[in-house]
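**Student:** What follows is each chain in one-letter form.
2 protein chains.
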Amino acid sequence: MINKLAINNMDCALMAAKEAMQLGEVPVGAAIINYLDGSIVSFSGNRVEADSDPTAHAEILAIRKAAGILNTPRLNMCDIYVTLEPCAMCAKAISLARLRRLYFGAEDPKGGAIYNGPKIFSHSGCNHYPEIYSGISEIISSRLLRDFFKLRR
Amino acid sequence: MINKLAINNMDCALMAAKEAMQLGEVPVGAAIINYLDGSIVSFSGNRVEADSDPTAHAEILAIRKAAGILNTPRLNMCDIYVTLEPCAMCAKAISLARLRRLYFGAEDPKGGAIYNGPKIFSHSGCNHYPEIYSGISEIISSRLLRDFFKLRR
Chain A
1 MINKLAINNM DCALMAAKEA MQLGEVPVGA AIINYLDGSI VSFSGNRVEA
51 DSDPTAHAEI LAIRKAAGIL NTPRLNMCDI YVTLEPCAMC AKAISLARLR
101 RLYFGAEDPK GGAIYNGPKI FSHSGCNHYP EIYSGISEII SSRLLRDFFK
151 LRR
Chain B
1001 MINKLAINNM DCALMAAKEA MQLGEVPVGA AIINYLDGSI VSFSGNRVEA
1051 DSDPTAHAEI LAIRKAAGIL NTPRLNMCDI YVTLEPCAMC AKAISLARLR
1101 RLYFGAEDPK GGAIYNGPKI FSHSGCNHYP EIYSGISEII SSRLLRDFFK
1151 LRR
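Chains as they are written, first to last, in this note's numbering: chain A, 1 to 153; chain B, 1001 to 1153.
For the record, the hints were derived by calculation from the structure and aren't laboratory data.
All C-beta atoms, glycine included, are put in the ideal place defined by N, C-alpha and C.
Treat the hints with care, since some could be wrong.
Below, in silico cross-link-like pairs of lysine-lysine (DSS-like), each with a Cα-Cα straight-line distance of 27 Å or less [said to hold, decoys possible]:
# : chain 1 : residue 1 : chain 2 : residue 2
1 : B       : Lys1065   : B       : Lys1119
2 : B       : Lys1119   : A       : Lys119
3 : B       : Lys1150   : B       : Lys1018
4 : A       : Lys65     : B       : Lys1065
5 : A       : Lys119    : B       : Lys1110
6 : A       : Lys110    : B       : Lys1119
7 : B       : Lys1110   : A       : Lys110
Reference listing, derived: stretches of chain A covered by chain B, where coverage requires no fewer than 3 residues with Cβ under 8 Å from a Cβ of chain B [as the list claims (entries may be wrong)]:
#  : segment
8  : 53-61
9  : 68-82
10 : 87-95
11 : 109-117
Derived CB-CB ranges, DEER-like [what the hints assert, rightly or not]:
#  : chain 1 : residue 1 : chain 2 : residue 2 : range
12 : B       : Leu1023   : A       : Arg143    : 37 to 47 Å
13 : A       : Gly125    : B       : Arg1074   : 28 to 38 Å
14 : B       : Leu1151   : A       : Arg143    : 50 to 60 Å
Take these sequences, add in the hints, and give me the full structure.
**Tutor:** Here's what the structure looks like:
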């Protein structure tokens, strides 16, 4: 399933991550795709500092935007692409939004919550969990983050 | 530390939960208090259906509102009061917002993520975790939820 289409969609998330970097935000981006017609519903980069909002991770903003556009809190006709393994807040939001698939780039051994830490989708209390495809464009995603934190030191 | 002040602050969260119920939302409420002067910074009930937003849990909305009012994503001068044990999304948001203390009402064995399920604050990747005080006004909080789900059946 990790085909050319997935890489194209991840390019949209990567573009949002690069925009975040230009704003001085941690360069993570997300895109939400309607898998029925392949259209991009929404995309966003991190905006924590820009919006003075600790919840303004790329995934949360993209989910909120998509839900607003589609006028429903249930995005079961959509997939999400994220450049980095989501944290616990975003993983649970993906579950609550009923997204069908999660495609992500680099793993995050410290803050990630899919394969790492609290492993949000592995608990019985999690009513919905997406299919997961990882490692998509992970080298580009990781390099962006490494460059960002190198500049900050 | 579970004193009269804590119960008064929880009353604000309970009021927001009751408002949520009147909107047909799951009756959970949250309030954010500046512990330096005891003022209520923000409060909210769930608004998932009203806002078509799967992330619109009471805690997320109260945190976003408080961060907007105080113009910072770091709410380290604040405590949060929630009528129900937060889910993983909200627990991680509380950590990201650097809230000092979490006071909550009833435990949620199914969806809760503090003492239950993914136990968000117990992982080494969690950079900040609040002091936790549970069981405040828990009988009223539980009764609200029970009444809500009874009506729905």
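**Student:** Are Lys110 of chain A and Lys1119 of chain B close enough, with their CA atoms no more than 27 Å apart?
**Tutor:** OK: Lys110 of chain A and Lys1119 of chain B at ~16 Å, within 27 Å.
**Student:** Using C-beta distances, would you say chain B covers the segment 87-95 of chain A, given that this needs three or more residues below 8 Å?
**Tutor:** This one holds; 7 residues, not fewer than the three required, reach chain B with a Cβ under 8 Å.
**Student:** Next pair to validate is Lys1119 of chain B with Lys119 of chain A; report whether the Cα-Cα distance is within 27 Å.
**Tutor:** Roughly 10 Å separates the two Cα atoms, so the pair holds.
**Student:** Between the alpha carbons of Lys1110 of chain B and Lys110 of chain A, is the straight-line distance 27 Å or under?
**Tutor:** Holds - the C-alpha atoms of Lys110 of chain A and Lys1110 of chain B are around 26 Å apart, at most 27 Å.
**Student:** Need the status of pair Lys65 of chain A, Lys1065 of chain B: alpha-carbon distance at most 27 Å?
**Tutor:** holds, 18 Å
**Student:** Could you tell me whether the CB distance from Leu1023 of chain B to Arg143 of chain A stays inside 37 to 47 Å?
**Tutor:** Cβ of Leu1023 of chain B to Cβ of Arg143 of chain A: about 46 Å, so the range 37 to 47 Å holds.
**Student:** According to a criterion of three or more residues whose C-beta lies within less than 8 Å of a C-beta of chain B, is the segment 53-61 of chain A covered?
**Tutor:** holds (count 5)
**Student:** Do three or more residues from the segment 109-117 of chain A put their C-beta atoms closer than 8 Å to C-beta atoms of chain B?
**Tutor:** holds (count 7)
**Student:** Tell me if the straight-line CA distance from Lys119 of chain A to Lys1110 of chain B falls inside 27 Å.
**Tutor:** At roughly 16 Å apart (the allowed maximum being 27 Å), Lys1110 of chain B and Lys119 of chain A satisfy the hint.
**Student:** Going straight from one Cα to the other, do Lys1065 of chain B and Lys1119 of chain B come out at no more than 27 Å?
**Tutor:** Judged against 27 Å, a Cα distance of about 25 Å means the pair holds.
**Student:** Establish whether the coverage given for the segment 68-82 of chain A by chain B is satisfied; the threshold is a Cβ-Cβ distance below 8 Å, and no fewer than three residues must meet it.
**Tutor:** As far as the segment 68-82 of chain A goes, the hint holds, because 7 residues have Cβ atoms under 8 Å from chain B.
**Student:** Between Lys1150 of chain B and Lys1018 of chain B, does the CA-CA distance stay at or below 27 Å?
**Tutor:** holds, 15 Å
In summary, this structure violates none of the numbered hints.
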